[in-house]
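Asker: Guided by the hints, dock chain E with the ligands onto chain B, whose structure is given.
One-letter residues, chain by chain:
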Amino acid sequence: MMYARFGGDNKVERPIRLLRRAGGYGKDLIGPAAGAMAATVASTVARLASPLVIRLGIDKGVIDRDLRIITNATLILIAVLVVQYVSQRVSVYSVAWVAERYLRSMRVRVFRHLISLDMGFFGRSKTGVLVARMTSDIESLTEFANQGAVSVVSSVLMVTGVTGAMLLVDVTLAFSVLALMPLLIVMSLVFRRYADRAYQAIREQIGQVLGALQEGISGVRVVQAYTQEGRQAIEFGRVNQRYFEANLSAAKAIASYFPAVDLLASLGIALILFVGGSRVLDGDMSFGSLVAFLLYLGYFFEPIVQLSNVYNLLQAALAALSKLFGILDTRTAVPEVDRPTVLAEPVCGEVNFRGVSFGYDPETSVLEDIDLAIGCGERVAVVGETGGGKSTLAKLAVRFHDPTRGSVSIDGVDLRELSFAALRRHVALVPQEGYLFGGTLRDNLAFARPDISDEEIWSVCATMGIGDWVRGLPERLDTEVRERGSRLSSGERQLVALARALIADPALIVLDEATSNLDPETEARIEAALSVLFEGRTAMVIAHRLQTARRADRVVLVDGGRIVEEGTHDDLIARDGAYARLSEVWKGTGIAS
Amino acid sequence: MTTTLRDPAVRSGLRLLGRTLLQYRRESMFSVASALLWMTVVVLTPYLTKLVIDRAIDGEKREMLLPLVGLVVAAGVLKAVGIGGRRFFAFSLSYRAETDLRNRIFEHLQRLAFSFHDRVPTGELLARSSSDLSQVRLIFAMLPISTANLVMFVVVVIVLVALDPVLGLLSALTVPALLFLANRYARRVLKVSWDVQQRLADLSNVVEEVVAGVRVVKSYGQEDQEVGRLSRAANRIFTRTMDMLRLRSIYVPLFELIPAVATVLVVLVGGRRVVEGSMTLGDFVAFTQYLVALQFPLRITGWFFAELPRAAASAARVTDLLRTAPDIRDLDGATSLPDGPGDVRLTDVSFSYPDGPPVLDGVDLHIPGGSSVALVGSTGSGKTTLAYLLPRFYDPSNGSVRIDGIDITGVLIDDLRSEVAVVFEETFLFSATIGENIAFGNPDATEEQVRLAARLAQAHEFIADLEDGYETVVGERGYSMSGGQRQRIALARAILRDPRILILDDATSSVDAITEGEIRAALEQVMEGRTTIIIAHRTSTLTLADRVILLDDGKVVASGPHEELLASVPRYREVLAESGVFPADEGAP
Ligand SMILES: Nc1ncnc2c1ncn2[C@@H]1O[C@H](COP(=O)(O)OP(=O)(O)O)[C@@H](O)[C@H]1O
Ligand SMILES: Nc1ncnc2c1ncn2[C@@H]1O[C@H](COP(=O)(O)OP(=O)(O)O)[C@@H](O)[C@H]1O
Ligand SMILES: [Mg+2]
Ligand SMILES: [Mg+2]
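Line by line, the protein sequences are chains B and E.
For the first sequence, the positions run 1 to 593 when the working numbering is used.
For the second sequence, the positions run 594 to 1182 when the working numbering is used.
Pulled out of the complex, with its shape left as it was, chain B reads as follows (with noise of 0.2 Å):
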């Protein structure tokens, strides 16, 4: 895939190939366009005919001194600047609007298929450089679709209109002029050369830039904490220095093709006078037809000129739309199959992995030949080291990954075959931080379930012990916690994240650390809990207190990848092995409690 690694450096796609493409994903915008470009040509012509009208109104008006004649060719002006106005109105709402809408299509385009991405996919890139995507590369879009349409379609216009003026007036002289266009073209291939390279470099830094930035704001607490804030500043002024760069060899590339592009334009004018001159001189040519020629000589170029300013906002935008491109090519690697299988209900979350194994890169692997099966409703304990691959498992079971080899299902289906709504709606995974979202206490816990009533939220808190906390915050349910829940203690975001997945009524919960930052007292009331709201359902818990372990129904210890030891906490204590040294190590620092 061409742009798989989207970030790196791209091999830069045809440009016909990128616009055809950019084009097909506006295909319903065809009518909206048709209708635009025609106000657009209307306010052209109009905007061309106003000279002309003034021309004729000097000529046969004022030269000829008839009054009639400037009347009307003030009233017919009036006439003209009227159409003029009324339909450049139309023309900039309408290229406007469906310059927009494009824009919009392409936003929620993007969007969606990047949050299709897998989990390795989010772990490689940074955020920053998402937002990027998401923001600076796709606004970067909007000068071209509002400008560049417009003044291709006046340009264009004008020049053919001019070319065939200057061939009917005299043709010798037309193809001298026209002579210079293949010039023009080498002129253009080789600023495309310099131009693409500068501009797929702005696009790659702009995302180094507010990767920088996302980065320098989340980390800026500890940034503080440690008085790094001047080096901070001098790193990211690193950074946003190679922005400029690239941004002045942009500027460069431009400084250089565009004086070239409107020095061929003088001296195509020079030239005909030279030549046009000679041949008047001569008596080859009439004199009036060396000055009508000069005339329009200055609508040519013009245009032209116009052109090349269009060429360049293409190149940005070309720029930008490959990088959009490479996450629309990026596939996932965690594919939904075309025809899931239904999990027949009731689902118990039976969970069942078998030979499997994983490793983040193929190299090394981090799981080795795992086999586990957790039954209906058993609550399953996992213990171990830290850097065991006691989480990489959790992620499994919720199929954020899949796995390099064997297979993990539930209720007896492969995960691989299953359709993501039913995966997720019957499995959910509770992670260490509590990850909560701006807005409010409700938005967060009824996140899996937008439409649940308040009744069954309050109901899962009361059973929580959550309930009096949320009395007891100013605004209740409707308390904003903000970005992050940065309004909220971190355990108090781990109670949220807890209550999120309770609410969720997954019939699979796996809790990974998920309340490492309660105080003993709200953790074991939280496990109490867990017991009612599990009634029936299939619990994996990692956690490194005992207290959990002693409650499971089954103890797995996990070490180096692989499952070392298995059975009930009592049975495990009997048989006096890793575990045992284990329970010995938690009664001793009290992690028991």
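In short, the hints are calculated from the structure, not lab data.
Ideal Cβ positions, reconstructed from N, Cα and C, are used throughout, including at glycine.
Be a bit skeptical, because a hint or two may be false.
[As the list claims (entries may be wrong)] To spell it out: a stretch of chain B is covered by chain E in this simulated footprint if at least three of its residues, at any positions, have a beta carbon under 8 Å from a beta carbon of chain E; those stretches are:
no., region
1, 62-75
2, 222-236
3, 414-424
4, 517-528
Answerer: Relative to chain B, chain E with the ligands alone:
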């Protein structure tokens, strides 16, 4: 809010534009000068052409043809130089300004206190430093050509008035008319532009938040819900942008129409006067030619007027941010923290977050230098908040915090924070190597020192096991490491800082028991002679501290050695769930 050009925010935005321009005097001057050169040649070229036709061709002087055409070429070269210079300097001016402003925003953001970052979402800040800055940049890019056009406009109007006062004044009427329109347009479009920018920021916010929390979105399969949220945001951009463009579609064509109307008037009035004989034909033709020459510059000016309000709105949003003063800053006459053992004394400290209930309520606490305390309390009891007062992440609403006898509000912040190190509850790792992350607070630390700190935090072993060791790059938010590994890196970072006061806020919550036992042994060494505040719930960790402080309801309710509290304070037993009030605890099946 910002509805007129007289609005203070907009004014300071415009002032920002002006100041930036002054700052880049050289670029501004060069670009305007190039634009003027270009403009002059543009005005002169028709005259040169006329010269060739009249002198050489019509005058049949063949020997004049080549030199005169050479003159045309020379003019072409000059014009090209003018264009190149104008473009280059305009670009470099505008990007320099943008880059510089972005650096200033970043620097400023790094200094704004926690309370600001609690309140303002990241996506919003990203938008102000990208989308808003591009609008500001655009206006700088347009400035040279607009200035040149303005100059040309004035010159032409003067020429016109000199040629024929009546007609001249008639066409000069375009100036007030244009200004009137531009002002009206600006008034109407300012608020709308502000909104458009705000809605772009809202969208950026949605994206940032969803990407950062993609794990939750996926856990609950709520992709569609989030796409809905985004598409609503995109829709809100669309509708407001169309409001803006509707205004533009009304006014921008008017900017072009006004001069055209002037031309009509001139043709009508002037034509009549020529017919009546009160004006010569030559004067009239020259006059109309100049008038036609005015069209282009006026179009550019109109374009400038169309963009200016949006840029002003964006500049106002940028200054709005830059003018926000940090809540926590050095007092005048702040001093550095003199050497001392790290004695901490909180006197009658109360604190509440803005628009929140009191969190701390008259806390009195003394931690003798070199001793250690453990803070215990239920979730949300204010432990973290209390810890945050020491490095002045927040200032207490009442009461005072003293370190070694000095009120910390009078201490230089950098000084204070280099003596108070915090390991946060939630680990943040920068996307950099592990080594760089550990040395974050001490960029000059030697490799040995980094390793030693890592050893003490029980991180060295697993780091050494990695293929690239300390050179391993960790992803954003330290994605590619397990929670316990990340916490140990953060711990090493604080240890390396070698502070007078060390605060561990639940810093080992996701470290497994065996590793924690090892960390504990090392911690004893680290805590030796250092004031340490530990927030934790594990008995083993609590016993590390000389004394335990029980926080409840915003007050210190008990204080003493762990065993003592356990024996005498029921609430303490409850919090540690050692009271047996939860039968479920014992009733494990
Ligand atoms: N996203 C990731 N990319 C690469 N490696 C990872 C990623 N997440 C975890 N790992 C590695 O996989 C191993 C197991 O991690 P994890 O499952 O999180 O352990 P645990 O939860 O048991 O502490 C660790 O060595 C860790 O460094
Ligand atoms: N940034 C904040 N803005 C408003 N309220 C906050 C903020 N941080 C914490 N709180 C509130 O203050 C109280 C104490 O929080 P905290 O000190 O984090 O508790 P903990 O003892 O769990 O560390 C909690 O009720 C919490 O909701
Ligand atoms: Mg883990
Ligand atoms: Mg806390």
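Asker: Against each hint, give a clear statement of whether it holds in the structure.
Answerer: Hints versus structure:
{"no.": "1", "hint": "62-75", "in the structure": "holds (count 9)"}
{"no.": "2", "hint": "222-236", "in the structure": "holds (count 12)"}
{"no.": "3", "hint": "414-424", "in the structure": "holds (count 4)"}
{"no.": "4", "hint": "517-528", "in the structure": "holds (count 11)"}
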